[in-house]
Amino acid sequence: MQQFMSALLLGLIGGAPFALLGLGLVLVYRGSRVFNFAQGEFGTVSAFTAYLLSFRLPIGISMLIGIGVGVLMGLLTERLVVQPLFNAPKVTLLVATAAVATGSIALQLAIGDAALRSYPPLIEGNAFEPFNVPIRWQQLLVVLALAGVAIALYLFFKTALGTAVLAAAQEPVATDLVGIGTRKMSALVWGLAGLVGGITGVIVAALQPFTPGYVTSDFLIFAFVAAVVGGMTSMPGAVLGGLVLGLVQSFSASYLADIRWISDNIPAVGEVTVFILLIAVLAFRPTGLLGKEA
Amino acid sequence: MALLEVEDLHAGYGALPVLQGVSFDIPEGETAVLLGLNGAGKTTTVSNLVGLYKPTKGVVRFDGEEITGKSPAELVRRGMAMVPEGRRTFPALTVLQNLKLGAWVRRKHDKAGIDASLERVFEYFPRLAERKDQLAGSMSGGEQQMLAIGRGMMADPRLLIIDEASLGLSPLLAKTVFAVVDRIKADGVTVILVEQNIGALRHADRALVMEKGQLVYQGHGDEIRDSARLRETYLGAPA
Ligand SMILES: Nc1ncnc2c1ncn2[C@@H]1O[C@H](COP(=O)(O)OP(=O)(O)OP(=O)(O)O)[C@@H](O)[C@H]1O
Ligand SMILES: [Mg+2]
Numbered sequence: 000m001q002q003f004m005s006a007l008l009l010g011l012i013g014g015a016p017f018a019l020l021g022l023g024l025v026l027v028y029r030g031s032r033v034f035n036f037a038q039g040e041f042g043t044v045s046a047f048t049a050y051l052l053s054f055r056l057p058i059g060i061s062m063l064i065g066i067g068v069g070v071l072m073g074l075l076t077e078r079l080v081v082q083p084l085f086n087a088p089k090v091t092l093l094v095a096t097a098a099v100a101t102g103s104i105a106l107q108l109a110i111g112d113a114a115l116r117s118y119p120p121l122i123e124g125n126a127f128e129p130f131n132v133p134i135r136w137q138q139l140l141v142v143l144a145l146a147g148v149a150i151a152l153y154l155f156f157k158t159a160l161g162t163a164v165l166a167a168a169q170e171p172v173a174t175d176l177v178g179i180g181t182r183k184m185s186a187l188v189w190g191l192a193g194l195v196g197g198i199t200g201v202i203v204a205a206l207q208p209f210t211p212g213y214v215t216s217d218f219l220i221f222a223f224v225a226a227v228v229g230g231m232t233s234m235p236g237a238v239l240g241g242l243v244l245g246l247v248q249s250f251s252a253s254y255l256a257d258i259r260w261i262s263d264n265i266p267a268v269g270e271v272t273v274f275i276l277l278i279a280v281l282a283f284r285p286t287g288l289l290g291k292e293a
Numbered sequence: 000m001a002l003l004e005v006e007d008l009h010a011g012y013g014a015l016p017v018l019q020g021v022s023f024d025i026p027e028g029e030t031a032v033l034l035g036l037n038g039a040g041k042t043t044t045v046s047n048l049v050g051l052y053k054p055t056k057g058v059v060r061f062d063g064e065e066i067t068g069k070s071p072a073e074l075v076r077r078g079m080a081m082v083p084e085g086r087r088t089f090p091a092l093t094v095l096q097n098l099k100l101g102a103w104v105r106r107k108h109d110k111a112g113i114d115a116s117l118e119r120v121f122e123y124f125p126r127l128a129e130r131k132d133q134l135a136g137s138m139s140g141g142e143q144q145m146l147a148i149g150r151g152m153m154a155d156p157r158l159l160i161i162d163e164a165s166l167g168l169s170p171l172l173a174k175t176v177f178a179v180v181d182r183i184k185a186d187g188v189t190v191i192l193v194e195q196n197i198g199a200l201r202h203a204d205r206a207l208v209m210e211k212g213q214l215v216y217q218g219h220g221d222e223i224r225d226s227a228r229l230r231e232t233y234l235g236a237p238a
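Protein sequences, first through last, are from chains A and B. With numbering that gives the first Met the number 0 as the guide, the letters of the first sequence map in order to residues 0 to 293. With numbering that gives the first Met the number 0 as the guide, the letters of the second sequence map in order to residues 0 to 238.
Looking at chain A on its own, in the form it has when it is part of the complex (with noise of 0.2 Å):
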């Protein structure tokens, strides 16, 4: 029971992350059609300048403006990098974005080095002890803000605003027709990616030291994953995709790491597990657990 309570709730607060990366991957999907590779270096950016400002400003300032800067960055690729290339193939946006990610990186090494930083945590100490099992104010607001972020997209999509995006994504001429403008709809959602982005990173990087490029090294592949797994359209997709994930992970790293032939020979279990499920619901269910068009 102890162990199985452990694993459930370090699996659900484990997979948070990437459920949180995984809305802002649905969230640019959904309004520009794009796989964004730069999403995790929205949150790396923010968490670095929340990192230099916490030296001189209460920490819960510096993650405010860090999360500023990621809106920033958002808009920054969209004006720069999406922008140019609207009328592209989507495959050459992918790339796009990975270099957007990989020069991100770069220029974090070139500022700085590749030495481990942390950053105070923006409450200290154990939130509450379930089962014997300790769980970290840094954990749950993870997990609060993973909940936040989720009901106020679901809202943003119900409004005419959120319908506009969606209908931009879709049938762009028709978009401009009606009045709407592609153009204003695509900037509004990179800015908002940059801004799930900038809360994802200021938050999963107070969970633990972090270098150059974190939230994308530790958390883009499996966010991919879990909003893939989703269905990649889909919101509640994407964090049922990520705690799911998370779930695996655990489970599999609680249990299977038991058997000895196991931990012998396969190190990782717990990410193998997961590609595992990736590739089993993409057999099985080609569009995703919840996924539809939208």
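Keep in mind that the hints were calculated from the coordinates and are not lab data. Even for Gly, the Cβ is constructed at its ideal location relative to N, Cα and C. Careful, some of the hints might be misleading.
Short derived list, chain A residues pointing at chain B, Cβ under 8 Å [stated by the list, open to error]:
{"#": "1", "residue": "51"}
{"#": "2", "residue": "128"}
{"#": "3", "residue": "131"}
{"#": "4", "residue": "158"}
{"#": "5", "residue": "159"}
{"#": "6", "residue": "165"}
{"#": "7", "residue": "166"}
{"#": "8", "residue": "172"}
{"#": "9", "residue": "173"}
{"#": "10", "residue": "175"}
{"#": "11", "residue": "177"}
{"#": "12", "residue": "180"}
Covered stretches of chain B (in silico footprint by chain A; criterion: 3 or more residues with CB under 8 Å from a CB of chain A, positions within the stretch not fixed) [as the list claims (entries may be wrong)]:
{"#": "13", "region": "76-88"}
{"#": "14", "region": "103-113"}
{"#": "15", "region": "195-202"}
Following the hints, put chain B with the ligands in place on chain A, whose structure we already have.
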């Protein structure tokens, strides 16, 4: 006075010139049909009128004011709406969402007007009312054409341009659509039909015929109906 005046319009795509000086007027309240073979430049003409592309030369006036090169958003606000070639409905949105987006520029200041427009569109096309929660992408081609026209009417336009209203429709459905065009005209809206189908002449007060980026005929259309030679030269239709 003419609602729409087009003077010496030149336009193209990049370095490729397509329109070589197109001029015509459309009086308010009339229905005009723009005919021509594939590639004659009909879509290019109307796309430049509604601001999807910027003309390289020439002047367009709407209600007496120059509107050359203005954005589609500005033009739809002034009362020009277009139903684009290929329908271009929003496939993963419902019929109702599609229609409401058609009224985007009115959404803040004209809520009552939007409700009235919606009712009118449902009256034109009862099918849309029955299907209002269906995703546009799952509707038949004919239903999508109705939706595209309905979405155009949701802007409450003074001028409605329909690019290829009858393309791909069964004769019966084409008749339904043209009957609605007649009603739209009766409701006081000026209409430009872009067509390859000479049958559209029956619903128009004037006809324009394009060939290779130029207007080669303007008139009331009787000559086209009556002259096999004209039909054959300009429209490739059998005598
Ligand atoms: N986006 C574009 N880029 C480049 N050339 C184009 C583009 N759209 C149209 N053209 C060219 O412009 C010319 C006029 O095309 P247009 O679409 O205006 O013809 P149309 O009269 O509407 O024909 P149809 O009846 O087949 O729709 C054609 O030679 C076409 O190849
Ligand atoms: Mg055409």
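Output the numbers, in ascending order, of every earlier hint that fails for this structure. 1, 2, 3, 4, 15
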